[in-house]
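Chains as they are written, first to last, in the working numbering: chain A, 1 to 266; chain B, 267 to 541.
Heads up, a few of these hints could be off.
To be verified - No more than 30 Å apart at the CA atoms, straight line, and that leaves these computed lysine-lysine pairs for DSSO-like:
(1) B:Lys541 x B:Lys462
(2) B:Lys462 x A:Lys251
(3) B:Lys393 x B:Lys462
(4) A:Lys251 x B:Lys522
(5) B:Lys462 x A:Lys255
(6) A:Lys255 x B:Lys522
Just so you know, the hints here were simulated from the structure itself, not pulled from any lab data.
Each chain is listed here by its residues.
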Amino acid sequence: MTGAEMSDKTMTDTVLSVENLEVTFRAGLEEVRAVRGVSFTVARGESYGIVGESGSGKSTVLRAICGLAPTSGGRIVLDGAPIRTPRDAAFYRRVQMVFQDPYASLHPRHTIDSVLSEPLAIQGFDRREERIEQALEDVGLGKGFRFRYPHQLSGGQRQRVAVARALILEPEIILLDEPTSALDASIQAEVLNLLDRLRAERGLTYILVSHDLAVVSHMCERLLVMQHGQAVEELTREALRARQAQTDYTKTLLKASEGYSAEVTA
Amino acid sequence: MSLLSVENLRVTYPTRQGPAEVVRGVSFTLGRERLGIVGESGSGKSQTGRAILGLTPKPGVATADRLEFDGIDLRQADARQWRSLRGRRMSMVMQDPKFSLNPVMPVGKQLMETLRTHGTPRSEAKKRALEMLEAVQIRDPERVFRAYPHELSGGMGQRAMIAMMLVSAPDLLIADEPTSALDVTIQIEVLRILDKLVAERGMGLIFISHDLRLVSSFCDRVLVMYAGQVVEELRAADLHNARHPYTQGLLNCLPKIDGDQRPLPTLNRDEAWTK
Numbered sequence: 001m002t003g004a005e006m007s008d009k010t011m012t013d014t015v016l017s018v019e020n021l022e023v024t025f026r027a028g029l030e031e032v033r034a035v036r037g038v039s040f041t042v043a044r045g046e047s048y049g050i051v052g053e054s055g056s057g058k059s060t061v062l063r064a065i066c067g068l069a070p071t072s073g074g075r076i077v078l079d080g081a082p083i084r085t086p087r088d089a090a091f092y093r094r095v096q097m098v099f100q101d102p103y104a105s106l107h108p109r110h111t112i113d114s115v116l117s118e119p120l121a122i123q124g125f126d127r128r129e130e131r132i133e134q135a136l137e138d139v140g141l142g143k144g145f146r147f148r149y150p151h152q153l154s155g156g157q158r159q160r161v162a163v164a165r166a167l168i169l170e171p172e173i174i175l176l177d178e179p180t181s182a183l184d185a186s187i188q189a190e191v192l193n194l195l196d197r198l199r200a201e202r203g204l205t206y207i208l209v210s211h212d213l214a215v216v217s218h219m220c221e222r223l224l225v226m227q228h229g230q231a232v233e234e235l236t237r238e239a240l241r242a243r244q245a246q247t248d249y250t251k252t253l254l255k256a257s258e259g260y261s262a263e264v265t266a
Numbered sequence: 267m268s269l270l271s272v273e274n275l276r277v278t279y280p281t282r283q284g285p286a287e288v289v290r291g292v293s294f295t296l297g298r299e300r301l302g303i304v305g306e307s308g309s310g311k312s313q314t315g316r317a318i319l320g321l322t323p324k325p326g327v328a329t330a331d332r333l334e335f336d337g338i339d340l341r342q343a344d345a346r347q348w349r350s351l352r353g354r355r356m357s358m359v360m361q362d363p364k365f366s367l368n369p370v371m372p373v374g375k376q377l378m379e380t381l382r383t384h385g386t387p388r389s390e391a392k393k394r395a396l397e398m399l400e401a402v403q404i405r406d407p408e409r410v411f412r413a414y415p416h417e418l419s420g421g422m423g424q425r426a427m428i429a430m431m432l433v434s435a436p437d438l439l440i441a442d443e444p445t446s447a448l449d450v451t452i453q454i455e456v457l458r459i460l461d462k463l464v465a466e467r468g469m470g471l472i473f474i475s476h477d478l479r480l481v482s483s484f485c486d487r488v489l490v491m492y493a494g495q496v497v498e499e500l501r502a503a504d505l506h507n508a509r510h511p512y513t514q515g516l517l518n519c520l521p522k523i524d525g526d527q528r529p530l531p532t533l534n535r536d537e538a539w540t541k
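Isolated chain A (complex conformation) (with noise of 0.2 Å):
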């Protein structure tokens, strides 16, 4: 975070804060911390993104956030109100997530169509076949894909329904989970350019979690980067650019980003 302007903005226009999030999970005698005390605010219309290993707790925050995950401390703010659990549907109206894999989040069974019109048939919400027809044309892809199975598409077509399918219910935040780590690079950019003209047009908010620097770089304002469960250090886009690190993990990471090298980094 650098000065006071940055700090401003999330004090006036907070739409969504982690306070001390914890999230525990237990298997037997087994227990495992995948969030330990994690906080962060998210301005309105901001791109946030989370940076991390796979274990560091990055995607468990969002699941948690959208209430798959079981926390165990700490609060989460909407609009100023602590987030209930269980969530409500009136939750879901305002937050959508779009998952990582594209192979596995769409029902191998349904049509995009009844992928489409479940979450309108769960919100109530009227003029189906023109919501349907609209957001398929807004991602992309057209009506002649209304019918088809998920089979019969291919990753990058099955992610822009994933988008589709978060976007039907006119949501403000949108959680991305690794929306492209699936993804070809040059379905990658498509998706990506995809995903930031949306929100340019509709005043979206993004939680975008990515193992990708150059993704989350390229999406969004300012990051967190979180480590064994833990809130390392926050960025802004510019601190990043600028190879501004402070702490030794980020440091590794960005440097581990730019490729192979055959001397040791630690």
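Given the structure of chain A, go ahead and fit chain B onto it with the hints provided.
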């Protein structure tokens, strides 16, 4: 003398619309070096790797004018010969640990399986398995040794798999997207292990990846594949001087930490590339 030579490799699958050729005449030779094969999904890079190990899934058929590993004609190899080669002399790291580890066998047992099959005593096999798990940067090798694949994260599973393939110290390793599921820092560690094996033991490595940037920094030579064909072969260091529009397109569409190009350039495919 090259370790592996491949000439005019073709892999064909019968479909209702007639035979579909997914690898169309790939030729290369591999010494004791790091060769990268890059391309997008569907370019035939994984099929090329599988065909070399004789693992083309039925009803697919792989043919070649020449397919020779260390003087052995692999086209004529029978089941017994394949068994003596796979695992011990040539092995393959698969892309997805979720589908390539045995879900009902603990990881440690799977690691020992290769060694036991090729005649290493149990205690020795266990020791080497644990050492290998440690070598791939697994923090708690004893736990992972006892764990079933579903109890591991994707990154851990992938490292376990890499350990499994390296534990027998093969001459040729085909690594199919071995690090795509891993984080950058671990990716580098794993690559260092592979690098060391190439340098110290003279292992030949075929590194299949979609990540051009990574391949260019790690490999000696790169084959760029598109629609089943090698469209360009170049030294990894010369990648930024790539001639083929496909290679250039792939390089350009990657977001960069410092770049602020909005929207990102996308790849426009040309029919002529598949000729």
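- [ ] Please name the hints from earlier in the document that this structure breaks, with their numbers sorted from lowest to highest.
- [x] Hint 1 alone not satisfied by this model.
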